[in-house]
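Participant: Residues per chain are reported as follows:
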Amino acid sequence: MSQTATMAGSAPDTAVGVEPRGPRPKPFFTPTKIIIYSVLVFFTLYFLFPLYVMVVTSFKTMPEIRFGNIFALPNQINFDAWIKAWTSACTGLTCEGLAPGFWNSVKITIPSTIVSIFIAAVNGYALINWRFKGSELFFAILIFGSFIPYQVFLYPLVMITREMGIFGTLQAVIIVHTIFGMPILTLLFRNYFGSLPQELFKAARVDGAGFWRIFFEIMLPMSLPIFVVALILQVTGIWNDFLFGVVFAGTKNLPMTVQLNNIVNSAQGTPEYNVNMAATVLTGLVPLIIYFVSGKLFVRGVAAGAVKG
Amino acid sequence: MADTAVQRVEGAGISGQRGFLRKTFVHNLPAKIAALPMIATVLIVFVGCTVWTIYYSFTNSKLLPTGKFVGFEQYERLFGTSRWNVSVTNLISYGAMSLVFTLVLGFLLAVLMDQKIRFESAFRTIMLYPFALSFIVTGLVWQWIMNPTLGLQTTIRNLGWTGFSFDWIANPRMVLFALLIAGLWQGVGFCMVLMLAGLRGVDDEIWKAARVDGIPTWRTYISIVLPMMRGVLVTAVVLIGSGIVRLYDLVVALTNGGPGISSEVPAKYVYNYMFSGGNIGQGLAAASMMLLTVVIIMIPWAYLEFGGKGRQS
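Chains as they are written, first to last, in the working numbering: chain A, 1 to 309; chain B, 1001 to 1313.
Since the hints were derived computationally from the structure, they do not count as laboratory data.
No residue lacks a Cβ here, since even glycine has one placed at the ideal position from N, Cα and C.
Be careful, since some hints might not be right.
Stated by the list, open to error - Quick partial rundown of chain B residues pointing at chain A, CB under 8 Å, derived from the structure: (1) A1035; (2) M1038; (3) V1042; (4) I1126; (5) M1127; (6) L1128; (7) Y1129; (8) I1136; (9) W1142; (10) L1152; (11) Y1248; (12) A1253; (13) M1274; (14) V1294.
When you get a sec, could you build the whole thing from the sequences and use the hints?
Facilitator: Have a look at this one:
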């Protein structure tokens, strides 16, 4: 620094005021940096490789695939496999492609997301602002319950939904998703409402507003960010579900993940890898789009489960 | 909170019995009604279904859960079935490897990401995107890549390295490593994000002090920062651990338990006995064993989280 100062002193006036501040910039290519970037690039390749293979394979024709080079780019962009995957790929039972599964997943995901988020938001609000005897105990059991393997609840839930007459329907899947989304979402909303200033709630109470009025008119308008996080979490989670779909949805309502697995793993005859990969990309597309559009919010969503309340 | 205080004063005026009823049912009534779905979920599903499953695991129920009490017979049969024993061994080997590799790689990547690198958000986006995909998609992609006849093995052989062998999904001894590759691909990014959040949460003063004392960076990470991240580490272990016990979709998509029964896992055993094997008692006993495993994982965590704090204060 002192060297720079003397140099600036002897230099013409123009140099005054551009005296460098802060630590000396390090050269970019230090050995440590090279190691760091090489390791990161190696892992980046590991993470990107399957996506590349999936997309490339889906555009190839079967003769190209039999040539035996999964790295090779397709000779020409060929959408035949995509069309077949969407409209006419066989699952072993029917040959309707993935389209019905896609619409089933839409029909499952939208109501499940709305119901589960609404119930969890009310839960979180009640747990923070309207504590009642035992509310913390219920919450504790809810959180512990979220770690119990789903297999423990499967059969009793099948019996309950059968008693209710909804086993094998969309309602059953929606209820099950609401139940198992509840712990994490309730935690999310409870922590969020807990971070809001309590004076707001108290002022509304003094003014005579009741439980629902405060919820709809004060809490909801303030909680848009956490709703977006919950939305991302639920849409990807429910879209990616396999177990509940296969157990509760019934053969007519199988979600996309189940149909995809049936197309790839139980279809008869010679496997068509290009169709399989096109179907796989199609199934992964919805969560991928959500992931890339939502960016940091997705990270917040997945990390929310890890942040204890 | 002020509201509760007022209610309590009111309650004191009323005679004991009515005050109790009032407190239990009438006080905060809208909140209790609103919380009914949660209360029902806790009582019916998380408590009721668990108890039901454990109770009926002691019966000889076949197609319907109506059997009579037979004690530990189902459990004796369970551990006398080679498929279950293979499932448990697989879960232990896979679980140990998966836990260690996820934590080590997650921490390593988080440390690298913490070195004020360029394109940090691009690297993070790429590492985390598999986590947004389902296990079915993950399993099917890797099934294609590891396909012995047309996948990576053939590709490398065609490129000239004819001795190259990568037939893990068809090889009973290596199939767990195939699962591991796919599982790590899906989960390491998430662990990295958790660890990075933990690293960023460490006070800058600690780093300054370590630098003043001349402690090398790698040493600071291992001996000072890592022990300070206990909370994040415990959370990561619990999350990864409970995910491993649940392992199901990935196996169904990647190997479907094969070749033979060499990649079977407990969750799949439960499903098969309950829904296609027609032996509910057996499936419930297996499910109860899974529950026991999770409880064993959870007890040390609960002790650390809640027991430890209680003693400190």
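Participant: Each hint: holds or not?
Facilitator: Evaluated hints:
1. A1035: OK, holds: A1035 (chain B) within 8 Å of chain A, min 5 Å.
2. M1038: holds, 5 Å
3. V1042: holds, 5 Å
4. I1126: holds, 5 Å
5. M1127: OK, holds: M1127 (chain B) within 8 Å of chain A, min 6 Å.
6. L1128: holds, 7 Å
7. Y1129: holds, 6 Å
8. I1136: Because about 4 Å separates I1136 (chain B) from the closest Cβ in chain A, which is inside the 8 Å limit, the hint holds.
9. W1142: holds, 7 Å
10. L1152: OK, holds: L1152 (chain B) within 8 Å of chain A, min 6 Å.
11. Y1248: Check passed: Cβ of Y1248 (chain B) comes within 6 Å of chain A, closer than 8 Å.
12. A1253: At about 6 Å, which falls below the 8 Å cut-off, the nearest Cβ of chain A leaves the hint on A1253 (chain B) intact, so it holds.
13. M1274: holds, 6 Å
14. V1294: holds, 6 Å
Consistency with the previously given hints is maintained throughout, with no hint failing.
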